[in-house]
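A.B. asks: Residue-level listing of the chains:
Protein chains: 4
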Amino acid sequence: MSAPCHCSKSEGTSQYVDEHISSDPHHPANLICELCRLFYDNNWVTGTGGGISIRDTKGPNPNLVYIAPSGIQKERLQPWEMFVAELPDEKLIRTPNSCPPELTKSYKYKPSACTPLFMSCYTLRDAGACIHTHSQAAVMCTLLWGDKVEFEISHIEQIKALPKLAVNESTGKIEKVGSMQFYDTLVIPIIENTPHEEDLTDSLQEAIKKYPGTTAVLVRRHGIYVWGEDVWKAKVYNEAIDYLLELAVKMKQSGIATVKEA
Amino acid sequence: MSAPCHCSKSEGTSQYVDEHISSDPHHPANLICELCRLFYDNNWVTGTGGGISIRDTKGPNPNLVYIAPSGIQKERLQPWEMFVAELPDEKLIRTPNSCPPELTKSYKYKPSACTPLFMSCYTLRDAGACIHTHSQAAVMCTLLWGDKVEFEISHIEQIKALPKLAVNESTGKIEKVGSMQFYDTLVIPIIENTPHEEDLTDSLQEAIKKYPGTTAVLVRRHGIYVWGEDVWKAKVYNEAIDYLLELAVKMKQSGIATVKEA
Amino acid sequence: MSAPCHCSKSEGTSQYVDEHISSDPHHPANLICELCRLFYDNNWVTGTGGGISIRDTKGPNPNLVYIAPSGIQKERLQPWEMFVAELPDEKLIRTPNSCPPELTKSYKYKPSACTPLFMSCYTLRDAGACIHTHSQAAVMCTLLWGDKVEFEISHIEQIKALPKLAVNESTGKIEKVGSMQFYDTLVIPIIENTPHEEDLTDSLQEAIKKYPGTTAVLVRRHGIYVWGEDVWKAKVYNEAIDYLLELAVKMKQSGIATVKEA
Amino acid sequence: MSAPCHCSKSEGTSQYVDEHISSDPHHPANLICELCRLFYDNNWVTGTGGGISIRDTKGPNPNLVYIAPSGIQKERLQPWEMFVAELPDEKLIRTPNSCPPELTKSYKYKPSACTPLFMSCYTLRDAGACIHTHSQAAVMCTLLWGDKVEFEISHIEQIKALPKLAVNESTGKIEKVGSMQFYDTLVIPIIENTPHEEDLTDSLQEAIKKYPGTTAVLVRRHGIYVWGEDVWKAKVYNEAIDYLLELAVKMKQSGIATVKEA
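So the protein sequences, as listed, match chains L, S, H and F.
With UniProt numbering, you'll find the first sequence wraps up at 262, consecutive numbering, no jumps.
With UniProt numbering, you'll find the second sequence wraps up at 262, consecutive numbering, no jumps.
With UniProt numbering, you'll find the third sequence wraps up at 262, consecutive numbering, no jumps.
With UniProt numbering, you'll find the fourth sequence wraps up at 262, consecutive numbering, no jumps.
Hints are not guaranteed to be accurate.
Copies of the same chain look alike in the list, so a pair counts if it works inside one copy or between any two.
[Claimed, not checked] In the DSS-like style, the derived pairs of lysine-lysine whose C-alpha atoms are separated by at most 27 Å in a straight line are: (1) 252 / 148; (2) 250 / 260; (3) 164 / 252; (4) 173 / 210; (5) 148 / 250; (6) 110 / 164; (7) 105 / 164; (8) 260 / 148; (9) 58 / 108; (10) 91 / 108; (11) 148 / 164; (12) 210 / 164.
No lab work stands behind these hints: they were computed from the structure.
Keep in mind it's a predicted model, so treat the numbers as computed, not measured.
Looking at chain L on its own, in the form it has when it is part of the complex (with noise of 0.2 Å):
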């Protein structure tokens, strides 16, 4: 069977509410429809692929994590249909399973594929959203630098978009001390793909750990991971990543290092 059709004029929510549904414009729930529109727009969630999760960090329960669906197209997701599932223990506490028939068309909805991707990046880095892309640019690089596991871009004003990561010593926890500088070096761990993407998380969760600097982790073959301490700043972060793998790649064809010589 297939998902309900989700028309950009899809009636459903107006009709039904519970507690993680809302009408402000920021809530988790509409944010990630509205951001997902925007990814589609930009080719980098196209044909289901990719997605976001957003921990709703200035709600009343800032351990309820938003997620998408699996298997859904991404530009015409509804708020109603989302997953919430709390933390640190996981559990889910909503499913859109649950709601009236007339909405779901008996279509049964399983969570993200990614979800213990994005979970790592709660867990291990505190993150407030985590957004993964099938962008070509991504791909790319990590086709263009295939025997590296490293991605390096450096002198390129768009690294100061990038917050500065440094362990804090009281708390053992990573935290943004500040912001990358023009003639720092950005690198992105490239991780190898597997067949199926939960197979992920151990490797990713191994490059969160190995790298301390880095917000995001690049996929071998399939795309990136990139997050930040709250949905705004993991969409800015990724907008940056992406602006300069895109520049990477001409950068490359062009036979010009991504690295400048000190």
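Given chain L, work out where chains S, H and F should sit, using these hints.
C.D. replies: Chains S, H and F alone, transformed into the frame defined by chain L:
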């Protein structure tokens, strides 16, 4: 005589109604218009090229097939301009030429030249919808693989959006039995173009029969046909394939093989 | 003095009406605005470049020609800003400089520098509309075919969107007698640019006469002129040609001949 | 603390008004928001990069300069978030930090790091607006012309959208005396980037003085600054220059010289 101009604010539909026009945005006639605008923005159906046909699989008569007229600007299509044919004998049961002259402006509509090709997908594969685009990525792949009769790509995450198809032994029909895997090789047959679109029918049918695992056929120097179990599946398959074709052009131009060595 | 700023929410039109302004979205003055916004989004008329002129072929006086002013941001054009000339003597019968000063803000409008070129299409080819763009695909083709006076392409499906033109022996006029075929070679003459746009008139007219089969003329290092029997035909021809020029650049860069060996 | 989230449906403005906020769409604070959304869609100001400043040349006090805050998502900017400075002493006379906390959410705004650069254009050139983008075409040109301190292009029609500037002998000021010609060579100086944006001020001012004919300065590995007599002129110059930079990258990659031999 030229076709009536279909400016985006055309007022016709609200004044004229018949049994094949509906205010439901999920109605095939409305979806054809909505998706053609989307495809136009993707540069897939400019210059009146390409098109889409939808079978009313969820309507009262699932044998009705909606088809856009020939030679019309796809992004300006109006729901009243559709032809409707009934399977299995493909008899036309509605023509826009029966609409009032204040709508047709005496223009004589003809069904899309793709009609026999769309019908082949309905009859040979039990498709719910069929999309035809002049995507430049598709045309470039048929040129870059100019001496090949198959396009192939493997080990790219987006391949997982495509269906794994197999013959159902009890019915003899080809059915979706799951999704392709990351390490699978996607094979899309390439047929040679013909001077008249309808003359493609034989070779398209031959390719459909010879490649039971495919949900698409490339046409050299022309474009691509993609079909699916319903309109949303067809849309998703088309998006995923176009993503892969676009990536394949970039890989080829960078000297990267699209099929990974084992 | 600078032109009045044409923000997208400009309120002028609703308050000022004359016989060459209409609430009908199909009126030439409105279509020029609508299509210029579309062309702007295609990067065809940014930086005040390019333009479009429409003959009111379905209006009470089919000799009236609507022309946008010179040096105005094309995407912010308002219907009241049009010049209107009457064929065959090309006399200006309306200028936006007659509009109330609260609209013109004392800016002195001049007709587009393309005016004599548009007029050449009307008088030599009985065109219903003429489009001029600074399309980068057009400019690149004139550079990649830098030592040629013709651009040629064959055996691409999109060629079929273009008209087959022939001289009507009884009237001596060039008329559309059908559509080009897949295997036909589209030939578009390339003329050299001149310092002043109006000085292109002679060579454009010469090319129009020398190439009775063409519906477009490329201008080296500048852009393209495309015309058609009415505004929608001109739009479709321009889209189809631009698609072919874009594809031709890609083919050339991949070492693929644009004219297929027989 | 992170900036307030600026979703596209933010309701703040309609509820809060002061003397530097207006319902007139032509007001500088509104135009900055409108144009930043446009620039975002062009990939010029993603990831909080770039910006625009407008001088209220037609307002009651033409010495007021509107400046967007630092580190904010450009496409989500709201009119109440602007800083206002008064020329010639550049004193800040408005800060968004004075807005009610339900708007600012206690976020501490800082003026754009580009402020001293924008001010240089106002004071040295009497500009009416100044645009700064991270355009990839601009960055690529500074890399492809990596050993040059000037970017040059000639004999492209779009050059005619740019101003011919000359010193007015009686006032000593640089003024527009006409438009560049097709055969003119557009020369844009390239300055080296610095770790801190404000440290660019000296070299930007030096370039502005050394190149009296330029209306733009490229910054290596960073982007471009473009100014004009008013906001619309600055917008048009920026569009025309970006078109030329984009074309120049394509020409360079095809081995075509950007300056034509005489």
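A.B. asks: Up to 27 Å between alpha-carbons, please classify residue 148 paired with residue 164: within, between, both or neither.
C.D. replies: Within one copy only: 23 Å inside, 32 Å across.
A.B. asks: When no copy is named, should residue 58 and residue 108 be tagged within, between, both, or neither for a Cα gap of at most 27 Å?
C.D. replies: Between copies only: 18 Å across chains, 30 Å inside a chain, cut-off 27 Å.
A.B. asks: Taking 27 Å as the upper bound on the Cα-Cα distance, should residue 250 and residue 260 be classified as within, between, both, or neither?
C.D. replies: both (15 Å within a copy, 23 Å between copies)
A.B. asks: As a check of your reading, is residue 148 near residue 250 (CA-CA no more than 27 Å) within one copy, between copies, both or neither?
C.D. replies: both (18 Å within a copy, 19 Å between copies)
A.B. asks: For residue 164 and residue 252, with the copy left unspecified, which applies at a CA distance of at most 27 Å: within, between, both, or neither?
C.D. replies: within (26 Å within a copy, 36 Å between copies)
A.B. asks: Given a CA cutoff of 27 Å, do residue 105 and residue 164 count as a within-copy pair, a between-copy pair, both, or neither?
C.D. replies: between (47 Å within a copy, 24 Å between copies)
A.B. asks: For residue 252 and residue 148, with the copy left unspecified, which applies at a CA distance of at most 27 Å: within, between, both, or neither?
C.D. replies: For residue 252 and residue 148, the Cα distance is within 27 Å both inside one copy (14 Å) and across copies (20 Å).
A.B. asks: Using 27 Å as the alpha carbon limit, work out where residue 110 and residue 164 are close: within a copy, between copies, both or neither.
C.D. replies: between (36 Å within a copy, 20 Å between copies)
A.B. asks: For the identical chains here, do residue 91 and residue 108 meet the 27 Å Cα criterion within one copy, between copies, both, or neither?
C.D. replies: Cα proximity of residue 91 and residue 108: one copy only (18 Å, versus 37 Å across).
A.B. asks: From the Cα coordinates, with 27 Å as the cut-off, is the pair residue 260 and residue 148 best called within, between, both, or neither?
C.D. replies: For residue 260 and residue 148, the Cα distance is within 27 Å both inside one copy (18 Å) and across copies (17 Å).
A.B. asks: Regarding residue 173 and residue 210, is the shortest C-alpha distance of 27 Å or less found within a copy, between copies, in both, or in neither?
C.D. replies: This pair counts as within: shortest intra-copy Cα distance 14 Å, inter-copy 51 Å.
A.B. asks: Please work out whether the CA atoms of residue 210 and residue 164 approach to 27 Å or closer within one copy, between two copies, in both situations, or in neither?
C.D. replies: within (16 Å within a copy, 37 Å between copies)
The structure fails none of the hints (numbered hints given earlier).
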